[in-house]
Every structure is written in structure tokens, then in C-alpha cells.
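Under numbering that gives the first Met the number 0, the residues of the sequence shown are numbered 0 to 164, in order.
No wet-lab data here; the hints were simulated from the structure.
Owing to the predicted nature of the structure, the values given are computational and were not obtained by experimental measurement.
C-beta: ideal position from N, C-alpha, C; glycine also.
Where hints are given, some of them may not hold.
In silico DSS-like cross-links for lysine-lysine, where the CA-CA straight-line distance does not exceed 27 Å [what the hints assert, rightly or not]:
1. 122 / 44
2. 118 / 44
3. 107 / 44
4. 164 / 5
5. 103 / 4
6. 65 / 122
7. 44 / 164
8. 103 / 164
9. 164 / 4
DEER-style ranges, computed between Cβ atoms [claimed, not checked]:
10. 65 / 137: 28 to 34 Å
11. 124 / 155: 27 to 33 Å
12. 63 / 119: 33 to 39 Å
13. 48 / 139: 18 to 24 Å
14. 145 / 1: 20 to 26 Å
15. 159 / 132: 33 to 39 Å
16. 43 / 111: 32 to 38 Å
17. 111 / 23: 20 to 26 Å
18. 24 / 88: 31 to 37 Å
19. 149 / 107: 36 to 42 Å
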Amino acid sequence: MNNYKKAYIAGGCFWGMEDLFRTRPGVMDTEVGYIGGENEHPTYKNHPGHAEGIEITYDPSITSFKELLDYFFRVHNPTTVDRQGNDLGSSYRSAIFFQNEEEKEEAKEVIGIVDASQKWEGKVVTTLEPFTVFWPAEPEHQDYLVRNPNGYTCHFERFAESFLK
Numbered sequence: 000m001n002n003y004k005k006a007y008i009a010g011g012c013f014w015g016m017e018d019l020f021r022t023r024p025g026v027m028d029t030e031v032g033y034i035g036g037e038n039e040h041p042t043y044k045n046h047p048g049h050a051e052g053i054e055i056t057y058d059p060s061i062t063s064f065k066e067l068l069d070y071f072f073r074v075h076n077p078t079t080v081d082r083q084g085n086d087l088g089s090s091y092r093s094a095i096f097f098q099n100e101e102e103k104e105e106a107k108e109v110i111g112i113v114d115a116s117q118k119w120e121g122k123v124v125t126t127l128e129p130f131t132v133f134w135p136a137e138p139e140h141q142d143y144l145v146r147n148p149n150g151y152t153c154h155f156e157r158f159a160e161s162f163l164k
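Build out the structure end to end from the sequences listed, making use of the hints.
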């Protein structure tokens with residue numbers, strides 16, 4: 000029996016986020032999907048209010064929620080409202096979907112650290128939203144950049160050094 004946990008984040012197009020997180024130490028699995036929106040059973044063509052997010056299954060004996068958030072803030076721009084690269088709209092917002100008060104407080108702490116670092120030109124606009132339901136995206140979106148290595152992404156590691164050090 001494992002003691003894996005799940006984390007839910009959104010930071011723009013889910014393909015690029017998933018591709019970067021899949022190889023992180025302690026990350027056991029990733030899945031792309033829709034979260035934080037208005038309709039049930041959203042699809043790529045119908046997901047009003049939902050963010051393109053990822054579900055990260057991780058081993059807390061190897062990595063922590065705060066370490067996942069640290070990496071999250073290094074691979075997307077958390078200072079742009081509803082935008083990552085060429086992608087515009089609330090689907091591409093920066094958001095952390097907390098499952099309990101501990102995650103919410105840890106997210107606030109990491110946001111404070113990122114802001115204090117002044118590595119980003121602006122202030123973090125990442126929203127903290129309560130987790131409700133994660134709806135997996137269609138199969139063609141799962142592992143997209145593994146199957147399409149030259150596919151579109153606006154995600155990359157902007158800072159090699161952790162914010163948490």
C-alpha cells in the first residue's frame with residue numbers, strides 16, 4: 000500500500016505543464032484535465048470557467064507539496080492574468096486548487112517567498128481555489144508531448160534555483 004498524495008495546479012496549457020512535471024523526483028503520475036469551472040463532464044470544446052490543469056500523484060516521502068509548488072512557479076509565469084505565452088483566457092490562468100487548510104497555507108507561504116524573491120517582474124496573481132472535481136481530459140490530450148515531441152508548449156524551466164533555498 001502506498002501513501003501517495005495528489006496535487007492540483009493550473010498554469011497555462013496543460014500539455015507543457017504535464018511534460019515538465021512527469022519527470023520530477025517523487026512524481027509518480029500526471030494527468031491533464033479541467034478544474035474549477037462551471038459544467039460537469041467538460042471537454043476541450045466545452046469547459047466554461049475551467050482551467051486546463053494537471054493532477055499530480057506524488058510520493059510525499061520523496062517530494063513535498065511545497066516543493067511541487069516551487070517548481071510550478073519556476074516553469075510558468077505566475078504574474079500574468081489569464082495568460083501563458085500565446086494562450087489567452089481563464090482556461091490558462093495560474094491557479095492552485097487546495098484540498099485542505101494546510102495546502103492553502105503552504106501555497107500562501109510559497110507565493111510570499113516567490114514575491115519576495117523579486118525574480119519575476121510583477122507580483123504573483125496565482126489564484127488559490129478550493130478543490131472540487133478534477134475532470135480528466137480526452138485521451139488525445141494525455142501525454143501529448145510524449146506522443147508529439149515537437150508539439151506546442153510555452154512552458155520551460157525559467158529558474159534553475161529553487162525559491163525555497
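Find the hints from earlier in the document that the structure breaks and name them by number, from lowest to highest. 1, 2, 3, 7, 11, 12
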